[in-house]
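Given these sequences and hints, build the entire structure.
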Amino acid sequence: MNCEDFEEYIALSAGGDLPHDDEKRLKSHLSVCSRCRNFAAGMAESQGSLVRWRSEAPDNELMAEVRSNVRVAIAQVPCRRYLLMASWSRRFGFAAGLALTLLAIAALWLAGSRPVGETIPAAGKRPEQAPDRKISEPAPAESRAVAVSEPKTRPAGPALGDSVRRAKIERRQPAPEPLRLELHTADPNIRIIWFIPPRQPGKTVAVPLGG
Amino acid sequence: MAVAVMSGLEEDLLARAKSGDAAAFETLMVQYQRQVLGTALRMLGNRDDARDVAQEVFLRFYRYIQTVDAGRPLSVWLYRVTINACRDQERRRRRRGFEVSLDRHTDEGFDRAGGEDLAGDLERREEWRILREALAALPRKARAALVLRDIQGLPTGEVARILGISEVTVRSHISTARIRIKKHRDRALGRQS
Numbered sequence: 001m002n003c004e005d006f007e008e009y010i011a012l013s014a015g016g017d018l019p020h021d022d023e024k025r026l027k028s029h030l031s032v033c034s035r036c037r038n039f040a041a042g043m044a045e046s047q048g049s050l051v052r053w054r055s056e057a058p059d060n061e062l063m064a065e066v067r068s069n070v071r072v073a074i075a076q077v078p079c080r081r082y083l084l085m086a087s088w089s090r091r092f093g094f095a096a097g098l099a100l101t102l103l104a105i106a107a108l109w110l111a112g113s114r115p116v117g118e119t120i121p122a123a124g125k126r127p128e129q130a131p132d133r134k135i136s137e138p139a140p141a142e143s144r145a146v147a148v149s150e151p152k153t154r155p156a157g158p159a160l161g162d163s164v165r166r167a168k169i170e171r172r173q174p175a176p177e178p179l180r181l182e183l184h185t186a187d188p189n190i191r192i193i194w195f196i197p198p199r200q201p202g203k204t205v206a207v208p209l210g211g
Numbered sequence: 212m213a214v215a216v217m218s219g220l221e222e223d224l225l226a227r228a229k230s231g232d233a234a235a236f237e238t239l240m241v242q243y244q245r246q247v248l249g250t251a252l253r254m255l256g257n258r259d260d261a262r263d264v265a266q267e268v269f270l271r272f273y274r275y276i277q278t279v280d281a282g283r284p285l286s287v288w289l290y291r292v293t294i295n296a297c298r299d300q301e302r303r304r305r306r307r308g309f310e311v312s313l314d315r316h317t318d319e320g321f322d323r324a325g326g327e328d329l330a331g332d333l334e335r336r337e338e339w340r341i342l343r344e345a346l347a348a349l350p351r352k353a354r355a356a357l358v359l360r361d362i363q364g365l366p367t368g369e370v371a372r373i374l375g376i377s378e379v380t381v382r383s384h385i386s387t388a389r390i391r392i393k394k395h396r397d398r399a400l401g402r403q404s
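Just so you know, the sequences run in chain order A and B. Quick note: the first sequence uses this note's numbering, first residue 1, plus one each step. Quick note: the second sequence uses this note's numbering, first residue 212, plus one each step.
Quick caveat, the hints were computed from the structure, so don't treat them as lab data. No residue lacks a Cβ here, since even glycine has one placed at the ideal position from N, Cα and C. Take the hints with a grain of salt, since some may be wrong.
No farther apart than 30 Å at their CA atoms in a straight line, the calculated lysine-lysine pairs in the DSSO-like style are these [what the hints assert, rightly or not]: (1) B:K394 to B:K352; (2) B:K229 to A:K24; (3) B:K394 to A:K27.
With beta-carbon atoms standing in for the labels, derived distance ranges [said to hold, decoys possible]: (4) B:A226 to A:I105: 23 to 29 Å; (5) B:R304 to A:C33: 39 to 45 Å; (6) A:D22 to B:E237: 43 to 49 Å; (7) B:E237 to A:N2: 53 to 59 Å; (8) A:V77 to B:V287: 34 to 40 Å; (9) A:N69 to B:A226: 55 to 61 Å; (10) A:R25 to B:G368: 22 to 28 Å; (11) A:A41 to B:A226: 49 to 55 Å; (12) A:R52 to B:P366: 18 to 24 Å; (13) A:S68 to B:R274: 15 to 21 Å; (14) B:A348 to A:R25: 37 to 43 Å; (15) B:L333 to A:N2: 37 to 43 Å.
In structure tokens:
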């Protein structure tokens with residue numbers, strides 16, 4: 001290390017910021033270098049001057065002016081809560097507005113995609129079953145079988161947990177067709193057909209009727 | 212001025228100020244006005260900028276008082292806000308085309324009430340004028356490190372936390388600043404460095 005490198009050590013040492021090992025190295029250099037000793041003396045003086053400068057305080061008039069201006073600025077705001085709310089609304093107002101708009105669009109879209117008069121079933125309720133009664137309704141003695149056919153618009157599955165999820169699934173599907181129920185009798189010219197409103201689970205089943 | 216953990220009295224004042232007690236807020240402002248204004252005056256070198264910065268600091272304190280951690284010294288929070296506000300003020304000045312010149316660094320804003328020792332007062336004033344000039348010529352980060360470490364008397368670790376830099380960097384800034392100030396002072400006093 002040369003004397004210029006030691007100047008940095010001297011500067012740090014003047015304020016007590018030099019690590020112990022470096023301090024020892026500096027001391028051994030100072031013991032043999034008069035130029036660095038002079039530099040260190042000047043640095044100590046300059047450092048003392050900086051420390052004395054701490055006592056120079058801001059004038060009271062300026063401090064009073066600052067306090068007064070702060071009081072006025074605070075008084076112009078109705079209350080601190082308003083300030084916090086204003087800060088909050090600046091930050092999140094845009095996001096909240098966007099979320100509300102999206103929600104409104106989604107609600108309108110859902111309402112538009114649902115057939116008139118249809119209601120979303122209550123959460124956890126299973127959809128109404130196909131009226132088995134109709135299948136077993138009195139039929140001519142000659143009848144052989146009942147064919148229940150439903151267009152495969154929706155696979156049979158577990159009841160949905162909530163109405164929102166249900167509504168989403170229904171939204172993706174095309175409008176379901178009514179359930180078609182045919183009763184074949186012994187006479188090939190006679191067929192009885194029922195059309196049952198949609199939203200009834202099940203698929204084409206053949207129900208053997210007595211005989 | 213060593214940084215200590217927030218005292219019980221100060222903690223109580225802060226809690227009251229948080230709940231909307233204007234008198235408690237005023238007391239805290241009086242308690243820290245010297246720290247805030249003194250730092251701003253030395254960082255910016257003139258009365259008007261320092262006053263604007265000090266007002267900004269106390270208004271930020273008022274606005275964000277709920278976020279101030281009662282477990283940590285309030286002085287550190289205020290130092291950080293002051294240094295940031297000084298930086299913003301310097302940028303604003305530059306944007307508006309103001310030059311940051313040594314002439315702007317005056318003793319306006321400091322208490323000039325002298326004691327009985329007039330000759331001593333004059334000598335001190337001259338000494339501080341030289342220091343003000345030297346400080347104004349320093350790069351901003353070196354100036355901030357020196358003001359906090361040598362004039363406000365904070366430990367190196369605390370200075371590093373306030374400025375958001377490592378202790379090694381703080382030491383590097385401080386040594387550079389001290390050498391430059393010494394050289395400026397030697398020149399001003401007609402000595403050979």
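The hints, checked one at a time:
At roughly 19 Å between alpha-carbon atoms, B:K394 and B:K352 fall within 30 Å of each other, so this suggested pair holds. Using a Cα cut-off of 30 Å, the hinted pair B:K229 and A:K24 is violated, with the two alpha carbons roughly 50 Å apart. The hinted pair formed by B:K394 and A:K27 meets the criterion: a straight-line CA distance of about 22 Å does not exceed 30 Å. With their beta carbons about 46 Å apart, B:A226 and A:I105 fall outside the hinted range of 23 to 29 Å.
For B:R304 paired with A:C33, a C-beta distance near 44 Å keeps the hint of 39 to 45 Å intact. Distance hint check for A:D22 and B:E237: the Cβ-Cβ separation is about 47 Å, which falls inside the suggested range of 43 to 49 Å. The hinted range of 53 to 59 Å is satisfied by B:E237 and A:N2, whose Cβ atoms lie roughly 56 Å apart. Checking the proposed 34 to 40 Å range against A:V77 and B:V287 shows it is violated: the Cβ atoms sit about 26 Å from each other.
Between A:N69 and B:A226, the C-beta spacing of about 26 Å breaks the proposed range 55 to 61 Å. Distance hint check for A:R25 and B:G368: the Cβ-Cβ separation is about 23 Å, which falls inside the suggested range of 22 to 28 Å. Between A:A41 and B:A226, the C-beta spacing of about 50 Å keeps the proposed range 49 to 55 Å intact. For the hinted restraint 18 to 24 Å between A:R52 and B:P366, the CB-CB distance of approximately 20 Å keeps it satisfied.
Between A:S68 and B:R274 the beta carbons are some 18 Å apart, a value that agrees with the proposed interval 15 to 21 Å. Taken as a hint, the range 37 to 43 Å is violated for the pair B:A348 and A:R25, whose Cβ atoms sit roughly 31 Å apart. The beta-carbon spacing between B:L333 and A:N2, approximately 40 Å, falls within the hinted interval of 37 to 43 Å.
Checked against the numbered hints listed earlier, the structure breaks hints 2, 4, 8, 9 and 14; every other hint is satisfied.
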